[in-house]
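> So the sequences go chain by chain: H and U.
Quick note, the first sequence lines up with residues 1 to 116 if you use the working numbering.
Quick note, the second sequence lines up with residues 117 to 228 if you use the working numbering.
In short, the hints are calculated from the structure, not lab data.
Take the hints with a grain of salt, since some may be wrong.
Stated by the list, open to error - Calculated lysine-lysine pairs in the DSSO-like style (CA-CA distance at most 30 angstroms, straight line): (1) U/K220 to H/K83; (2) H/K14 to H/K83; (3) U/K215 to H/K9; (4) U/K167 to U/K215; (5) H/K57 to U/K220; (6) H/K83 to H/K57; (7) H/K83 to U/K167.
Stated by the list, open to error - Computed from the model, here is a short list of chain H residues facing chain U with C-beta under 10 angstroms: (8) I4; (9) G40; (10) Q56; (11) G58; (12) I60; (13) N84; (14) T86; (15) C91; (16) W96; (17) N102.
Glycine residues also receive a C-beta, built at the ideal position from the N, C-alpha and C atoms.
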Amino acid sequence: DGGITQSPKYLFRKEGQNVTLSCEQNLNHDAMYWYRQDPGQGLRLIYYSQIVNDFQKGDIAEGYSVSREKKESFPLTVTSAQKNPTAFYLCASSRWGQGAVNSPLHFGNGTRLTVT
Amino acid sequence: GQQLNQSPQSMFIQEGEDVSMNCTSSSIFNTWLWYKQDPGEGPVLLIALYKAGELTSNGRLTAQFGITRKDSFLNISASIPSDVGIYFCAGPYMNRDDKIIFGKGTRLHILP
Numbered sequence: 001d002g003g004i005t006q007s008p009k010y011l012f013r014k015e016g017q018n019v020t021l022s023c024e025q026n027l028n029h030d031a032m033y034w035y036r037q038d039p040g041q042g043l044r045l046i047y048y049s050q051i052v053n054d055f056q057k058g059d060i061a062e063g064y065s066v067s068r069e070k071k072e073s074f075p076l077t078v079t080s081a082q083k084n085p086t087a088f089y090l091c092a093s094s095r096w097g098q099g100a101v102n103s104p105l106h107f108g109n110g111t112r113l114t115v116t
Numbered sequence: 117g118q119q120l121n122q123s124p125q126s127m128f129i130q131e132g133e134d135v136s137m138n139c140t141s142s143s144i145f146n147t148w149l150w151y152k153q154d155p156g157e158g159p160v161l162l163i164a165l166y167k168a169g170e171l172t173s174n175g176r177l178t179a180q181f182g183i184t185r186k187d188s189f190l191n192i193s194a195s196i197p198s199d200v201g202i203y204f205c206a207g208p209y210m211n212r213d214d215k216i217i218f219g220k221g222t223r224l225h226i227l228p
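Bound-form chain U, shown alone (with noise of 0.2 angstroms):
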């Protein structure tokens, strides 16, 4: 079935330092969508993105949906203890309306 294969699965990295994480799948999309959690909370959106090639931007984070349509990728600028978290990209199952699918997510870690 159509999947969303997200990497990498963690990242340790030091406070201040960028991020860069993605999502590929086999099949195209018509839709990125990039959540994150926070330890114990439900995950919150934040970048949608809807045509290929776009770049969005929320703050430091930064998400582009890829000229393919198969790969989104989301950055994090000067990461801070509180971006900490799970982030999962997700997408329209087979382009429909009414189901969406998640990777597996990145699960990030800040050093002090």
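The following block holds chain H by itself, in its conformation from the complex (with noise of 0.2 angstroms):
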């Protein structure tokens, strides 16, 4: 079955340490997204890729970092500038844009990150 997979699923760390987060999909899409969830918050977006090789700020990028070298990878790297990490993080892809019709955003089950 075609999907996203995130992993791991639960992932704790020591402040002032990097982290990476997984993100793997399988659809054949090829615009991959990262958000942050926390609660009351609602969904914010990190930094998004429309096509291999490329990226885009979201709206908190700060502290963050990706990569984009394979169309079905977009890893998050988390990284000790961000001052408040711990939070639950939703990667996503869709077909093309998310906003075109017909492009509905996939979100995979997402990594609870604990920093402490």
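Work from the hints to combine the two standalone chains into their complex.
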């Protein structure tokens, strides 16, 4: 079955350490996205990529970095510069632009990151 | 900037009741999307609306694209326990193809 796989489901890190969250899709989608979810805040866009080797900052990119070396993969690194990294992180993909007709977002099941 | 306002923020209802929630914006949208997020999982698309006035159903769910293009409504009939979760509306930011914005969600609780 096609879908998006995020791993791990739960991740614990010490403050000051960088951590990379994995996201893989086998839907053959061009576009991929990372969102952060905090209680009561909805979904906030961190980074997105519409094509391999290209990506753009979203609304809250500070303290995060991404790469898009393969169509299927869009890993997110939470760096030590991110002041409040503890959150639920969601990866998503869409056939092409997420606002385009018939190109809805497909989400993974998220990674809950806890930094202490 | 462009924002989507969802109401109510949360709802507590009895099983079997009907549910109504809405999403409003100060600017016009040409697409409205409704997603549902089950606890601990990623959101899933429920209904997509592409035309003003459009009324679309998906099982017990019905969504409408407001005539003014500044609002949308989601109704759930005869709620059941698995309806629990967070419902998000979304739409294309500035009607662009490459980015959508989400409302903050309506959290639905069902009392036994």
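> Each hint: holds or not?
Hint check results:
1. Note on U/K220 and H/K83: the hinted pairing holds, with a Cα-Cα distance of about 22 angstroms set against a maximum of 30 angstroms.
2. Of the pairs offered as hints, the one joining H/K14 and H/K83 holds, with about 13 angstroms between alpha carbons and a cut-off of 30 angstroms not exceeded.
3. A C-alpha spacing of about 26 angstroms is found between U/K215 and H/K9, which places the hinted pair at or below 30 angstroms, so the restraint holds.
4. This hinted pair checks out: U/K167 and U/K215 have alpha carbons roughly 19 angstroms apart, not beyond 30 angstroms.
5. Straight-line distance between C-alpha atoms of H/K57 and U/K220 comes to about 21 angstroms, which keeps the hinted pair within the 30 angstroms bound.
6. In summary, the hint linking H/K83 to H/K57 is supported, as the alpha carbons are separated by about 17 angstroms, within the 30 angstroms threshold.
7. At most 30 angstroms may separate the alpha-carbon atoms for a hinted pair to count; H/K83 and U/K167 exceed this at roughly 42 angstroms.
8. Hint status for H/I4: holds, given a least beta-carbon distance of 8 angstroms to chain U, under 10 angstroms.
9. The criterion of a C-beta within 10 angstroms of any C-beta in chain U is met by H/G40, whose closest approach is roughly 7 angstroms, and the hint holds.
10. A cut of 10 angstroms between beta carbons decides the hint on H/Q56: the least distance to chain U is about 8 angstroms, and the hint holds.
11. Look at H/G58: its Cβ gets to within about 8 angstroms of chain U, closer than 10 angstroms, so that hint holds up.
12. Residue-level restraint check for H/I60 is violated (minimum Cβ-Cβ distance to chain U is 13 angstroms; threshold 10 angstroms).
13. Given the 10 angstroms rule on beta carbons, the hint for H/N84 is violated: about 18 angstroms separates it from the nearest Cβ of chain U.
14. Interface hint status for H/T86: violated, as the beta-carbon distance to the closest one in chain U is roughly 16 angstroms, over 10 angstroms.
15. Below 10 angstroms, beta-carbon pairs count as interface contacts, and H/C91 has one with chain U at about 8 angstroms; its hint therefore holds.
16. Checking H/W96 against chain U by beta carbon gives a least distance of about 7 angstroms; that is within 10 angstroms, so the hint holds.
17. Taking 10 angstroms as the C-beta cut-off, the interface hint given for H/N102 holds, the closest approach to chain U being about 8 angstroms.
Violated hints, in rising order: 7, 12, 13, 14; the structure is consistent with all others.
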